[in-house]
Structure formats: C-alpha cells, structure tokens
Amino acid sequence: MTLAEVAILVGGELNGPAELEISEPVSPEVKELGGIAFAESESYLEIAEQGGAVALLLPRSLRGKKPFIHVDNPRAAFFALLQRAEQPLSLNPGVHATAIVDPTATVDPSAQVGPYAVIERGARIGAGCRVYPFAYIGENCDLGAGCAIFPHAVLYTRVRLGERVIVHAGAVLGADGFGYVWDGSKRLKVPQVGAVVIESDCEIGALTAIDRATVGETRVGPGTKIDNLVQIAHNVEIGSHCAIASQVGIAGSTKVGDRVMAGGQSGSADHMVIGNDVVLTARAAVLQSIESPGEYMGFPARPSFEAKKVLLLTLKLPELFARLKKLEKRANDR
Amino acid sequence: MTLAEVAILVGGELNGPAELEISEPVSPEVKELGGIAFAESESYLEIAEQGGAVALLLPRSLRGKKPFIHVDNPRAAFFALLQRAEQPLSLNPGVHATAIVDPTATVDPSAQVGPYAVIERGARIGAGCRVYPFAYIGENCDLGAGCAIFPHAVLYTRVRLGERVIVHAGAVLGADGFGYVWDGSKRLKVPQVGAVVIESDCEIGALTAIDRATVGETRVGPGTKIDNLVQIAHNVEIGSHCAIASQVGIAGSTKVGDRVMAGGQSGSADHMVIGNDVVLTARAAVLQSIESPGEYMGFPARPSFEAKKVLLLTLKLPELFARLKKLEKRANDR
Amino acid sequence: MTLAEVAILVGGELNGPAELEISEPVSPEVKELGGIAFAESESYLEIAEQGGAVALLLPRSLRGKKPFIHVDNPRAAFFALLQRAEQPLSLNPGVHATAIVDPTATVDPSAQVGPYAVIERGARIGAGCRVYPFAYIGENCDLGAGCAIFPHAVLYTRVRLGERVIVHAGAVLGADGFGYVWDGSKRLKVPQVGAVVIESDCEIGALTAIDRATVGETRVGPGTKIDNLVQIAHNVEIGSHCAIASQVGIAGSTKVGDRVMAGGQSGSADHMVIGNDVVLTARAAVLQSIESPGEYMGFPARPSFEAKKVLLLTLKLPELFARLKKLEKRANDR
Chain D
1 MTLAEVAILV GGELNGPAEL EISEPVSPEV KELGGIAFAE SESYLEIAEQ GGAVALLLPR
61 SLRGKKPFIH VDNPRAAFFA LLQRAEQPLS LNPGVHATAI VDPTATVDPS AQVGPYAVIE
121 RGARIGAGCR VYPFAYIGEN CDLGAGCAIF PHAVLYTRVR LGERVIVHAG AVLGADGFGY
181 VWDGSKRLKV PQVGAVVIES DCEIGALTAI DRATVGETRV GPGTKIDNLV QIAHNVEIGS
241 HCAIASQVGI AGSTKVGDRV MAGGQSGSAD HMVIGNDVVL TARAAVLQSI ESPGEYMGFP
301 ARPSFEAKKV LLLTLKLPEL FARLKKLEKR ANDR
Chain Y
335 MTLAEVAILV GGELNGPAEL EISEPVSPEV KELGGIAFAE SESYLEIAEQ GGAVALLLPR
395 SLRGKKPFIH VDNPRAAFFA LLQRAEQPLS LNPGVHATAI VDPTATVDPS AQVGPYAVIE
455 RGARIGAGCR VYPFAYIGEN CDLGAGCAIF PHAVLYTRVR LGERVIVHAG AVLGADGFGY
515 VWDGSKRLKV PQVGAVVIES DCEIGALTAI DRATVGETRV GPGTKIDNLV QIAHNVEIGS
575 HCAIASQVGI AGSTKVGDRV MAGGQSGSAD HMVIGNDVVL TARAAVLQSI ESPGEYMGFP
635 ARPSFEAKKV LLLTLKLPEL FARLKKLEKR ANDR
Chain G
669 MTLAEVAILV GGELNGPAEL EISEPVSPEV KELGGIAFAE SESYLEIAEQ GGAVALLLPR
729 SLRGKKPFIH VDNPRAAFFA LLQRAEQPLS LNPGVHATAI VDPTATVDPS AQVGPYAVIE
789 RGARIGAGCR VYPFAYIGEN CDLGAGCAIF PHAVLYTRVR LGERVIVHAG AVLGADGFGY
849 VWDGSKRLKV PQVGAVVIES DCEIGALTAI DRATVGETRV GPGTKIDNLV QIAHNVEIGS
909 HCAIASQVGI AGSTKVGDRV MAGGQSGSAD HMVIGNDVVL TARAAVLQSI ESPGEYMGFP
969 ARPSFEAKKV LLLTLKLPEL FARLKKLEKR ANDR
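Residue numbers (this note's numbering), protein chains in the order written: chain D, 1 to 334; chain Y, 335 to 668; chain G, 669 to 1002.
Hints are computed from structural coordinates only; laboratory data are not their basis.
Misleading hints may appear alongside valid ones.
[Stated by the list, open to error] Below, simulated DSBU-like cross-link-like pairs (lysine-lysine); rule was C-alpha separation at most 35 Å, straight line: (1) Y/K400 <-> D/K189; (2) D/K329 <-> D/K316; (3) G/K997 <-> Y/K659.
[Claimed, not checked] The calculated label-pair distances, taken between Cβ atoms and stated as ranges, are: (4) D/D72 <-> Y/G368: 52 to 58 Å; (5) D/E86 <-> Y/V515: 42 to 48 Å; (6) G/E700 <-> Y/K520: 31 to 37 Å; (7) Y/E625 <-> G/E700: 24 to 30 Å; (8) Y/P637 <-> G/P968: 25 to 31 Å; (9) Y/P437 <-> G/E689: 28 to 34 Å; (10) Y/P437 <-> G/P968: 23 to 29 Å; (11) G/V941 <-> Y/S375: 53 to 59 Å; (12) G/E689 <-> Y/Q421: 49 to 55 Å; (13) Y/G518 <-> G/E687: 35 to 41 Å.
Glycine included, C-beta positions come from ideal geometry on N, C-alpha and C.
Whenever a hint applies, use it, and build me the whole structure from the sequences.
What follows is the structure in structure tokens.
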C-alpha cells in the first residue's frame, strides 16, 4: 500500500509523500525499514522516530519528523491495519481429495476441508468452516458456521461448537475426563459418556485440553478466549467472555462465571464456584469458592490487597525474628 | 432402554412404569428431561426430584416421587449404566487402506488401524488394539493386546506398552529427554538412547509427554493413570496404581512408589524418591525425598498438617507484627 | 561391538577379553546383563560391580573386578558410546509419495520428507532436513540445513528456523498470540501478523507452544534448548544458549538474556527483562525484571539466599507465635 492508501483506509489526514510504499504495520522499536508504527505520546513518538518505521500514525496533538497520518485514535487505526495485514493459514476451496469424510457426515458446500483431514460418522461441518490438514472431527461432532479447526486439532465424539469458534493446532476437545474409583486393589475407570460444548466466538489455544463430561456437558460460554496448554477438566462450566491465560488448570465440575480473567499458571480445585468478574493473578490457586468480583492472588487465592500485605510481611520475617530476639533479651536482662 | 430393562440390568426392584423410556445416565442437577440419575441421601434425592431425570436409582432406605429403582448400591448401579452407555471412538475393522504399515511390522489380524496411521519398521501391534487416525507408532514399538492409541498420539522408537494401555490424543511417548552438558561455550546434546515402558492397564492423558531414558528405561507401573498435559522426564520410574493429575511435572530420574496420588500442577525435583501411598495435594513441590505415606502440601512439600498450620500463621502475620510493635512500645515506655 | 572395538573407539586401554560382546551403554544400576557402564569414583564402581554391566569405563586411578577399559575421562568416553548408539527416528530418503508439497515450495534434494507430511506454498526446506510424518510446514516457512521436524509438529505461516534446529513431536510454532481488546461488551481479537524465528542449533521439546508475534518477531536465540510443554508467548525474545525446562511459561514481550536457565514450572510475567546468566529455580515466578546474574527462587522470584532464609523462617512461624505469646504473658504478669 501507499501512504495515501493507508490514510484513506484509516480515515486520517496525510502529512507526507502520497506514493511512499508501506510494507506492514510494525512496532515503534523495529529496526527493519519499511513499515508503519503508531505512537500515542511524546515518549513513544521519540522511540518511533529512531526506529525503522518509515511513517507514523499520530494523534492530532503530535507531529513527527517522519511522514505521518493524523488520526483520532492511533491505536484503533493501527488495529485496522493489522486486520488488513492478517492472512488466514492457506487452504483451498472445497474438500481436498485426500480428506476422508464419512458418507453420513454433512459438509456445507462453502466449507473448506484440507488434505488428510478426517471427518467421522454423523459429523456436521457448517457454512464457511475451515478444517485444516490432519484435523480429526469425531463422530456426531457439530461445527457451527465459520469455525476454524487448525492442523492436528482433535475433536472426540459429540463435541459441539457454536459459530466462529477457533480451535488452534494440537488442541484436544472431548478426551475422557480423569475419573476412577478405587476398588480396594486398583482404579476402575469411570466411563465418560458426556459431551463438550464450546459456544460461539470462543478461541481455544494450541495444545489445550478440554475433557468431555462424565455425564452431561463440559461447557465454555460465548466469547471466552482460552490460551495455549490449558487444562479444562470434565464437567467444568465456564461463562461468557472470560480470558484464560496459558497453562491454567481448572479441575472437575468447577463453575466459572462471566468475564473472569485467569492469569498464567493459575488454577482452581474441583467443585469450586468462581463468580462473575473475578480476576485471578498469575499462579493464583482457588481452593475455596470466590463470590465477589475483584482481584485475587496467591495460594490459596485471597483478595490481592490482603495477599500482597502478607507477602510483604513475609519478606520482613528476618527483621521480625531479630526484633523478637531483642525483646526477649531485654525481658531476660531485667 | 425401558425402565424395566434398566431394573434388570442393575439387578434392582422396579417402582414405576415398566415401559418408561430412559435416554441416558444423567446428573441429578441436569435440566433436560429423559435421563436416569442416582441419589444416595435425602439431600441428593431432593436435588434429583427437581432436576430433569425421569427416574432415579435409590437405596432401599429412600423412596422418590418420580419413578425409581431400588438397588443395594446406587453408585455401582449408575456405574453399570455408564459402562453400557460408553461408546468407543468409531473405527472400522482391519487396517484402513490409507494406513502405512511397514512390511516388517506385525499387526494382529484382530487389531484395528485407522486412516492415515503410520506404523514403522519392526513394530508389533497386539490383538484387539485400536490404532486411531494419525497415530504414529515408531520403529520397534511393542503394543500388548487391547491397547487404544487415540488420534495424533506419537510413539517414538522402542516404546513398549503392556496390555489394555490407553494413550489419549496428542500424547507423546519417547521424545528425547532434556539432557545437555555445557562445554564452556554451548550445550552439547546428551544422546537419549533408552526406552519407555508403560505397563498394563495404564491410561495416559491427552497431550502428556513421557520422555525416553538416557540409557535404560523410563517406566510407568501397572494400573497407573496419568491425566492431561503431564510431564514425565527421562529415567523416571513410577510404581503401580498411581493417579497423576493434570499438569504435574516429574523431573529426571525420580522414583515414585505405588498408589501415589499427585494433585494438579504438583511436581517433583529430579532424583527424588517418593514412597508408597504418598499423596501430594495440588501444586505441592517435592524438593526432598519423601519416605512416609501420608498427605503432603506446599513448596517445599511437607506433611499437610504442618504445612496448613504454617499457612494459617502466615495469614496472621499482620496481627503478629502489630502485637510485636505493641510489646516494643510497652518495653520502651517502661 | 566387542570390548576391543569399544577400547579403540574411546581411545582407552583394554583390561579384559578382547572378544567380549558389548550390547549398549547402560547405567551402573541396570540389572540386565550385557552392557557397559562408567564409574568415576569408588562408590560408583561398587554399584557398577553389582549391576548387570559386563564391562566398565574407568579412570586410570581405579581397577574393576569386571573387565574394564582405562580412559582419561570416563564420562566423555561414555558420551562417545551414547552418540554411537543413537539412532534417528526412521525415515526414507527423498519425498514420500503421500507427502503433499505445494508446487511453489522448495525442497532440497538431500532433504527427507515422510508420509503424510504437508508443505505449503512458498515454504523452503533446506539441505539434509528430516520432515517426519504428519508434520505441517505452513506457508512461507523457512527451514535451514539439517533441521528435524518430528511427527505432528506444526509450523504456522512464516516460521523461520536456522540450521540444525530440532522440533519435537506435537510442538506448535506460530499459533496466534493471546491478544484481545475489551470493547465494553466483548473481547476483540488483535490480529497476530508477526513471525517466529528460531535460530540455529535450538531444540524445541514435545508439545511446546511458541506463539507468533503481534507485529515483528517472537525470537529464540542460537543454541537455546527448550523442554516439553513450555509456553513462549508472542513477542518474547530469548537469548542464546539458554535452557528452559518443562512446563515453564514466559508471558508476552518478555526479554530473556543469554545462558539463562529456567527450572521446571517456573515462569515470567509479561514485559519483563531477565538478564544474562540468570538461573531461575523450579517454580520461580519473575514478577519484576531481574538484572544481575545469579540464582533466583520463589514467588516473587528473589535471590535464592534471601528466598531460602525467608522460607526457613516461615517454617518457624509456630515457634515465633509461641515466643511472642510468652513475652506478652510476661509483660502482662509484671
């Protein structure tokens, strides 16, 4: 694109050569020449002036030495450029000759199915779905319109996806929940006959596991985003618009509310209830149910302001022991 | 099934319409109509009466308003229904035309091998094994009778499975252990030439990694169940009938006894010895060997009753500091 | 090999029957007969004498009862035997008939591509690369000479590998970073249009995820070794010759220096800077940037000697409370 074309795309005011070629959106720190960055403040502008970007997106309150475009909201303008630069993983139209689709499965004519995908009995692939190479779509799975199943993702039987669900490479939905009973000498497997339901507009990260329910459903609510390497155990229910960061583990039957944010490596014991708008900081461990919205941290997870206070005092333990010793000495000397 | 058929199956006494259609075993809380739930106590009976189940499995001491079946052990009866409802992932008999089986590999005629499975030189697939699509069975692997290898599971070379071992989707057995030596300027890879042995009746969760030994074997004892996203490092030995929950990490050469239970996200340092019947609570970290049976928690893992006491006192640190300050003031005022 | 052949290979002095058959390098504790072990001290020699090894590699200061070979450095000699015993996962020369290679992709004639591998548009596979079954090499990926991509590894678009990079089974490079903006009612996906760069001589463990950058690059420096089930988030930069153990998580945009070692299950918050030669012990959590080399532990990660002191004092909290109570009683009694 030329700088003039960018200005039109973002609805901004051009300050520089219209014909300047712009390669891609870049960060202000980048060294390679050719891209366009954004800056919202003087300090970021300084960084961007020294970086490799050949043009900048700026608020009307700033002016650059490099060519720039004045916009109302530089971040939103940059976001628009990112969306334009995004290219989905390549996939040809139609069903590839090497894909194995069971005759009883239904694939919408507008769906794309890549090489070596396997779609089992009774599965349904909705309009505009993209099923990438090596994806395994098990018996009676149901994919709503516009889903993307990346290479090597595995859906066991009866996994139901809403619309526009993204499942990244290597994710496994619907494996057996971890349930056994001890019979006195060994563990008997409790059959896991339930389903997995992922509602519309969810994104499931690479190598994340979401187990099927023992009976009933493991469920992830609409708009919830889950990062890589996350474990969602059997019969867990997660609300809408949550953000679950990488390596989080949620144990069996726990119920998570709406708009919950879980930091990296945090976790929850089984059968907990975590209310709406709870924020778990990284590594927090929910060992008792949490009702009230707010930020929680630590092991066990407690309100952050309390947890931080205790953490700080823990660091002062050497001082505490010294002060105690001194008091004891004074008492003994008396 | 009809309610009468269920009663015969579980060996119970029918109290309700024989012809009532039962869709599936369900939980007492379920809303959808049609299933059968179990209740062992008054309180669960109340929940089940309000749920969608159209019939109940009850002990002889309870009577429901809904149709019910009296049994000696409602939980065991429900378990029998679950086993009947269980359906293995679909797989046709024989070896699929697209599976690539090396001519030197041996596949029992009763084994099933799905589309796009790859079985390498010298591998042996025992009677009744189910090898699902995209499974990779490396050179000289050996699968005992009745194993199930789910889609995308990878067995590097010389992985030996006993009988009835289940390996879930995406699990990786036999990748190189993480071993290097620092030569003063870079890390030299220590070749990992050992094997992996998984004994009979083990279950390995989705996306779990069990590394091959440097020399010798990484070994998992009979009947041990391992959840998703677990890391078992090179030369680890795990005893029989253990239960290792999700996201646990066991570092190199650690020896785990029999019937050990490891809670979610717990872990062990390398070269530890963990005795029989040890229970690690969630997130526990074994930094010193543990001999005695019992429950351990925290970082480092200590007997739970001690760890809990310390944890509670940690929460009282603000009070402790206040009491100390008061004492100091009194001493100074004197 | 015969013992005489081993002696020549390791450049040692034979003390035993030249024709003795040696099966493989083994550990001193092994029970099976036939292998060769090494011992560097009297105590290891004792263990090895009682194990199944039929011959030993010993320093010139020790003599065994079993046949042995005197060498300058038993560990290095054993290492040489390991290297000789190592066998790469089997793979035939050339491109397998079932591999799907886009016509615009370039595969060096010396590269090996296994069954059911998929290589997309514009990808380049360098000399001597081994691409195993079910590997997915996305559009415009670039693999330097001598790389090994194990079964089921997934490279999304624009992943660039240096030379001799090893990517283990199930690893996912280039999935979308976890980036969203909250628009008041839902999370909008921030397009992830950057790349992943893995420099020469890196090893990436099984089931490890390295996300593409939002813009720019997620980068791993030369010689860095990463274990299984690790999460490297978008825009992270890791230096050279680091060792990152299993289940570590590094959040977005964090910069890690050279020769950093991260213990199992350790982690870092986003936008941190971790200096050269920092060592994080297992489970350490970097919540503030770390400049100075040295060992760090705990949550938050602090210099180990401080963290250990605090940890020990924490264990003495029951004693502390008791001492405080006693002092209070004395003060009140007065």
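Subject >> Violated hints, by number in ascending order, as checked against the structure >> reply: Violated hint (a single one): 10; every other hint is consistent with the structure.
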